[in-house]
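Position chain A against the provided structure of chain W, taking the given hints into account.
Same order as they appear, the protein sequences are chains W and A.
Take the first sequence: its letters are residues 1 to 683, numbered as in this note's numbering.
Take the second sequence: its letters are residues 684 to 1366, numbered as in this note's numbering.
Don't read these hints as lab results, they were simulated from the structure.
Given the structure is predicted, the values throughout are model-derived calculations rather than measurements.
Glycine is no exception: its CB is placed at the ideal position from the N, C-alpha and C atoms.
Take these hints with a grain of salt, some might be off.
Claimed, not checked - Straight-line alpha carbon distances no greater than 25 Å define the calculated DMTMM-like cross-link-like pairs of lysine to aspartate or glutamate that follow: (1) W/176 <-> A/962; (2) A/1296 <-> W/146; (3) W/176 <-> A/1297; (4) A/859 <-> A/821; (5) A/859 <-> W/338; (6) A/848 <-> W/614; (7) W/15 <-> W/109; (8) W/498 <-> W/440; (9) W/378 <-> W/614; (10) W/179 <-> A/1026; (11) W/340 <-> A/878; (12) W/179 <-> A/1024; (13) W/160 <-> A/1123; (14) A/770 <-> A/792; (15) W/613 <-> A/842; (16) A/1296 <-> W/295; (17) A/766 <-> A/821; (18) A/848 <-> W/333; (19) A/1296 <-> A/718; (20) W/613 <-> W/233; (21) W/632 <-> W/333; (22) A/866 <-> A/835; (23) W/165 <-> A/821; (24) W/340 <-> A/955; (25) A/1082 <-> A/1297; (26) W/160 <-> W/235; (27) A/866 <-> W/333; (28) A/1023 <-> W/195; (29) A/1122 <-> A/792.
Claimed, not checked - Counterexamples of contact, computed for chain A against chain W with all Cβ distances above 12 Å: (30) 728; (31) 756; (32) 764; (33) 790; (34) 854; (35) 892; (36) 1024; (37) 1040; (38) 1065.
These are the residues of each chain, in order.
2 protein chains.
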Amino acid sequence: MSSQDPLVVFTPSGKRGRFAAGTPILTAARQLGVDLDSVCGGRGICSKCQITPGVGEFSKHGVTVAPDALSAWNAVEERYDQKRGLKPGRRLGCQATVQSDVVIDVPPESQVHKQVVRKAASARAILMDPATRLFFVEVEEPDMHEPTGDFERLERALEKQWDIKGLRADLSLIGKLQKVLRKGDWRVTVALHHDHRAARSTVIDIWPGLHEAGLYGLAIDLGSTTVAAHLTDLETGEVKASSGIMNPQIRFGEDLMSRVSYAMMNPGGEVEMTAAVREALNTLAEEIAKEAEIDASLIVETVFVCNPVMHHLLLGIDPVELGQAPFALATSEALRIDAKELDLTAINPRAKTYVLPCIAGHVGADAAAVALSEEPGKSEDLALMVDVGTNAEILLGDKSRVLACSSPTGPAFEGAQISSGQRAAPGAIEAIRIDPETKEPRFRVIGCDLWSDEEGFAEATAATGITGICGSGIIEAVAEMRLAGLVDPSGLIGGAEKTGTPRSVPEGRTHAYLIHDASAEGGPRITVTQGDIRAIQLAKSALYAGARLLMDTRGVDKVDRVVLAGAFGAHISPLHAMVLGMIPDVPLDKVTSAGNAAGTGARIALCNIAARKEIERVVRQITKVETAIEPKFQEHFVNANAIPHATDPFPELLKHVTLPDVSFNTGGDDGESGGRRRRRRRG
Amino acid sequence: MSSQDPLVVFTPSGKRGRFAAGTPILTAARQLGVDLDSVCGGRGICSKCQITPGVGEFSKHGVTVAPDALSAWNAVEERYDQKRGLKPGRRLGCQATVQSDVVIDVPPESQVHKQVVRKAASARAILMDPATRLFFVEVEEPDMHEPTGDFERLERALEKQWDIKGLRADLSLIGKLQKVLRKGDWRVTVALHHDHRAARSTVIDIWPGLHEAGLYGLAIDLGSTTVAAHLTDLETGEVKASSGIMNPQIRFGEDLMSRVSYAMMNPGGEVEMTAAVREALNTLAEEIAKEAEIDASLIVETVFVCNPVMHHLLLGIDPVELGQAPFALATSEALRIDAKELDLTAINPRAKTYVLPCIAGHVGADAAAVALSEEPGKSEDLALMVDVGTNAEILLGDKSRVLACSSPTGPAFEGAQISSGQRAAPGAIEAIRIDPETKEPRFRVIGCDLWSDEEGFAEATAATGITGICGSGIIEAVAEMRLAGLVDPSGLIGGAEKTGTPRSVPEGRTHAYLIHDASAEGGPRITVTQGDIRAIQLAKSALYAGARLLMDTRGVDKVDRVVLAGAFGAHISPLHAMVLGMIPDVPLDKVTSAGNAAGTGARIALCNIAARKEIERVVRQITKVETAIEPKFQEHFVNANAIPHATDPFPELLKHVTLPDVSFNTGGDDGESGGRRRRRRRG
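Excised from the complex, chain W in its bound form (with noise of 0.2 Å):
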């Protein structure tokens, strides 16, 4: 280029440069490093590099540009503009030449490296770079008289073509490739993946022509009790359908531990595991892509993120080392394997899985996406990250160090093992309030978007019924009845003559709270009785001592700022999570939550290949603290057993609540712990 030759500037880069008058822009932005898409190579094809001529003054680029300075609209754009339609203003970039100075933008969409917004508005955005991406290729025709594989004709057309070095692929792509080949006239789109530990592409998939329908991963959370998956555009990063489905392993044991001890105690159970979860993925997978509305096989990438034993059984490993010290895992480090080991056929059979690393025999890699996901490692202030499932995974750090553990809570937050306990479904109170005066309850129940003293709840409900109480419900009613003074510090529910409604009705040698009374109609009678408090009392124990033993081990007794993430983020509130104590006090408007973040540090590994090496990196830097092992656990675990619990000093919840100043125990009501008191002091 000369100084004499037309001046470029992309916007929103600003990169600059001079060509020669004729050059396509998509010349112009490959030479100077601009973020430019094009699947089929320039061809005037695919259409992906659309970009938009500015006209006139553009004084910060020292510019302006008259209204011929691009060559004229031609007839490959108007042959795609009436196929396909084309935004007003937008020209394709391999068709339009450089023919005087031009301010060219590039909007978001034709960028390879877009930026997908998150919901979550504090949470950054996920840049595209997925691992998997479609390449459009010419491939020449064979040559007798040059006699190379079909296989290695591709592999130099790739080369020359997109300066992709190094092909392989399976033997059932090489299986299909002379058909395709001939079919699409020698002109072909693979997808192409690549990973920064190998050094070939692997051909994933090839089609005749140019291939429109699109690629799709999988992120896929995979919990003790609910699997869910996000069904992930590779192109643009949006999330094309998300479904979850109950984790069939669930018949096995509830939690880990009962998995870990049926695999212990039946030769072959974890093999029976393993292909128990492995189904309900092929299951989970086919609904997915029918719910989406695409072929499953372009589901050409998934991504697993769970606890270490989920991890093991998914992998067809014995989990049994996980049961008992030193818990040592068969393999830590993030896996690079193909999604039929796993024999994951409902998708493509040459798909690719990724599976984020472990962070230790208790910390998963569930742990490990929310690590990728919350960033915990980039933070100023120092930040408590809690996710919440059948156990609880918990980090603490900031720019200095991280560290980790996990606690086991047991389901009692997924509202198991509650008297009237059932899990997240239409019917089940998600919600409640109970009046300190009257001690009345108001709930809602999931499905239904009114509260119980509303006008039409009845009506509304009619269809599913009051039927139990799940996670979020048993935490809010647990607290709002401290709140209310129904429940002292001790936890202990008080009797009617106490509390002075007749909804504290005798239970056993206990009392319980009655929150709805449909029995007359055949219906349930949903209380909380003594036992759920004590269940909740344990579960809450063990996150709150699993936060306590990382302050410790950070030397602090202090956080700035809490992440709830998980069930906890999307439907606990944080308010009743601190009365409870389940979480140590901060400031309410320091707790924020990151909603799924396990599942969107999945979506972020599925998204960019970076990412992955990425979390490799910090999960080896991550402390790792075993809770099962340290004394202090139980220490804390003990000591956190009060509502709220005896933590000195505990002042900020205070700003935001008052807690009634009761006592129910009258020495024997309640054996477990009830004559435990603890001085508590008011900042």
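Frame of chain W; chain A shown alone:
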């Protein structure tokens, strides 16, 4: 090391260096880069590092070795000697330490890169350097405070103890890892596969403690008719067993093109054929392991050589494109795949497979294997290499250039499509001589070393009978008939009135030569008919024309030497081949037999990883000549019809034999080509 330190000289390498007194010989060897084996890494348990110290004067090395130049025989050596026995004079290199100047001999069996001497005297030795080798390793136990996976600790141990960086494994290996590590008390032997294209070594298998049962590989020559395998010890290179079975695809078509047709005519036909050959391979693997009395799961490597159609059918690729111009291969380069991709379930589930590259659509991996074994590209003189099966692979070359083609000889050379023809099996006539005076035949059959005119022949062959003529037999028969004046140069068999023997019997409008008549006893009547002669003429013309085409392309009309490979080399007499005009004439002492060169090439690729790289490089440089489209091939084919054909000049053969100047053409007896006569000039 200082100049005061003892001097250690290793033989046969001649490497030398000074080492502090007390240095183990194994350590000295490693530091000097001396090729001294060790699986256990110097722990005194594998005994691979045996050495023989010299005693006395070594004037060649300028060293006098004292009797106590090495440390005293120690307890580890004593234990090993009692348990397994050490040869007299041998020490363990990891136990014996340097005390004063010493000369150490490394016996061949203690070298990693030992040479395996091949049977044929002319053949170069095979240098052992297989892709999969054993490593004994001690793995750190898991530690709760430093949680890493067992696999990652194995990886770290291999890096620390063996300097092997980067490890990967199939899930099935990771699934068995934890049990084996604990069973071996954290001391295990791993079989590691490494090839030059992968960044990481792959764990093929793992055993508790020191694995002493060895590692094996299968070198497989997958022919259209027979599948032959050599079970090879991957440590010593020794062939433990060789076995062959019929290719079950014969039921889909005797020759390659009929199998391609079967695939074209029958949807899914190629799938059937692939399944058939893979099943046969499993049977073969099981049988050969049983024969060698090894566990088939110790077979961790397989190498395949085969023609392009068999190549595709083995890999599960529809061979249809190989049946029509331009004969495009789906893939031509060497393949490194998992044996399980070929459904080879009889061997180790994680075994690796290497398939040699194909040279062209008609010139397969079998020809590449011949090139690997016989190295035409390293020949000082111009060598013609011919491997005859149902197709003939032909290589012509020297240091400056190598050319290759294949020629469709058909199955006549294998005894098929011959009236009394049969496969090489006991009872088949494999060699024949005809007395030029009496015209009486004498012959030998497979399974008996006696000639038919020797005493005891009838008794010795009573069990098998005399059942037919195999490939080498028919070639000799036709050549002997020509030498005895029973056949004229055009290929016409004379009647009894002209040949003067009652063995010239009428056969329709033509004549046949009666070799053996057991019809009185209900046995077969074995003749060579006019049709048989024509079939052999067609086959040998194709072979000869292929060789000539390469010579034309190279611009020569003679070659310096001929190498016969395959069944050709093993069973067919070079003299008779030349009488028939199968090969261009050279002095008889310039015709050598390479035995099963394709099978040997497979063995070399099995035993030496560098040979794989080498043949991949060589194949790319070979000039491919396509006989099917070359008009000159047809011309040579027609001209080569006579016995001997009308090569001009044709001097060399006649130094050895005199061909009778007969002609049986009577103008009408034989419509095919009997009327064609060619000028022959004697040199």
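Results for each hint:
For the proposed pair residue 176 of chain W and residue 962 of chain A, the alpha carbon gap of about 22 Å is at most 25 Å, so the pair holds. For the given pair, residue 1296 of chain A sits about 21 Å from residue 146 of chain W by alpha-carbon distance, which is consistent with the 25 Å threshold. At roughly 29 Å between alpha-carbon atoms, residue 176 of chain W and residue 1297 of chain A are farther apart than 25 Å, so this suggested pair is violated. This hinted pair checks out: residue 859 of chain A and residue 821 of chain A have alpha carbons roughly 17 Å apart, not beyond 25 Å.
For a cut-off of 25 Å, the pair hint linking residue 859 of chain A to residue 338 of chain W stands: about 19 Å separates their Cα positions. Simply put, residue 848 of chain A and residue 614 of chain W have alpha-carbon atoms about 21 Å apart, close enough for the 25 Å limit, and the pair holds. Restraint check for residue 15 of chain W and residue 109 of chain W: satisfied, since their Cα atoms lie roughly 18 Å apart, inside the 25 Å limit. Restraint check: the Cα-Cα separation between residue 498 of chain W and residue 440 of chain W comes to about 15 Å, which is no more than 25 Å; the hinted pair holds.
For the proposed pair residue 378 of chain W and residue 614 of chain W, the alpha carbon gap of about 12 Å is at most 25 Å, so the pair holds. Restraint check for residue 179 of chain W and residue 1026 of chain A: the C-alpha separation of about 23 Å stays at or below 25 Å, so the hint holds. Proposed proximity of residue 340 of chain W and residue 878 of chain A is supported: the alpha carbons are some 24 Å apart, at most 25 Å. Distance check on the hinted pair: residue 179 of chain W and residue 1024 of chain A sit about 21 Å apart at the alpha-carbon level, within 25 Å; holds.
A C-alpha spacing of about 68 Å is found between residue 160 of chain W and residue 1123 of chain A, which places the hinted pair above 25 Å, so the restraint is violated. A C-alpha spacing of about 12 Å is found between residue 770 of chain A and residue 792 of chain A, which places the hinted pair at or below 25 Å, so the restraint holds. Taking the CA atoms of residue 613 of chain W and residue 842 of chain A, the gap is about 21 Å. The hint holds against a cut of 25 Å. A distance of roughly 41 Å separates the Cα atoms of residue 1296 of chain A and residue 295 of chain W; the hinted pair therefore is violated under the 25 Å criterion.
For the hint linking residue 766 of chain A to residue 821 of chain A, the alpha-carbon distance of about 23 Å falls within 25 Å, and the restraint holds. Between residue 848 of chain A and residue 333 of chain W, the direct Cα distance comes to roughly 15 Å. Compliance with the 25 Å bound is thereby established for this hinted pair. In summary, the hint linking residue 1296 of chain A to residue 718 of chain A is supported, as the alpha carbons are separated by about 22 Å, within the 25 Å threshold. Annotation: proposed proximity of residue 613 of chain W to residue 233 of chain W holds, straight-line Cα distance about 21 Å (limit 25 Å).
In summary, the hint linking residue 632 of chain W to residue 333 of chain W is not supported, as the alpha carbons are separated by about 29 Å, beyond the 25 Å threshold. About 18 Å separates the Cα atoms of residue 866 of chain A and residue 835 of chain A, which keeps this hinted pair within 25 Å; it holds. The hinted pair formed by residue 165 of chain W and residue 821 of chain A fails the criterion: a straight-line CA distance of about 39 Å is larger than 25 Å. The suggested pairing of residue 340 of chain W with residue 955 of chain A holds, with an alpha-carbon distance near 23 Å, which does not exceed 25 Å.
Distance hint between residue 1082 of chain A and residue 1297 of chain A is fulfilled; the C-alpha atoms sit about 15 Å from each other, no more than 25 Å. About 23 Å separates the Cα atoms of residue 160 of chain W and residue 235 of chain W, which keeps this hinted pair within 25 Å; it holds. Using a Cα cut-off of 25 Å, the hinted pair residue 866 of chain A and residue 333 of chain W holds, with the two alpha carbons roughly 23 Å apart. Taken as a hint, the residue 1023 of chain A and residue 195 of chain W pair is honoured in the structure, with Cα atoms around 24 Å apart against an allowance of 25 Å.
A distance of roughly 55 Å separates the Cα atoms of residue 1122 of chain A and residue 792 of chain A; the hinted pair therefore is violated under the 25 Å criterion. Chain W leaves residue 728 of chain A outside its interface by the beta-carbon criterion, the shortest separation being 25 Å against a cut-off of 12 Å. Listed as outside the interface, residue 756 of chain A is consistent with that label: its C-beta sits roughly 41 Å from the nearest C-beta of chain W, beyond the 12 Å cut-off. For residue 764 of chain A, the condition that its CB be more than 12 Å from all CB atoms of chain W holds, with the nearest at approximately 38 Å.
The claim that residue 790 of chain A is not at the interface with chain W holds, since no C-beta of that chain comes within 12 Å of its own (minimum 38 Å). With 12 Å as the threshold on Cβ separation, the claim that residue 854 of chain A sits away from chain W is violated: the shortest Cβ distance comes to roughly 5 Å. Consistency note on residue 892 of chain A: stated as away from chain W, and its beta-carbon is indeed over 12 Å from all of that chain's, at 20 Å minimum. Some Cβ of chain W comes within 12 Å of the Cβ of residue 1024 of chain A; the nearest lies about 5 Å off, and the non-interface call is violated.
Not every CB of chain W lies more than 12 Å from the CB of residue 1040 of chain A, the least distance being 9 Å, so the non-interface label is violated. For residue 1065 of chain A, the condition that its CB be more than 12 Å from all CB atoms of chain W holds, with the nearest at approximately 23 Å.
When held up to the earlier numbered hints, the structure conflicts with 3, 13, 16, 21, 23, 29, 34, 36, 37 and fits the remainder.
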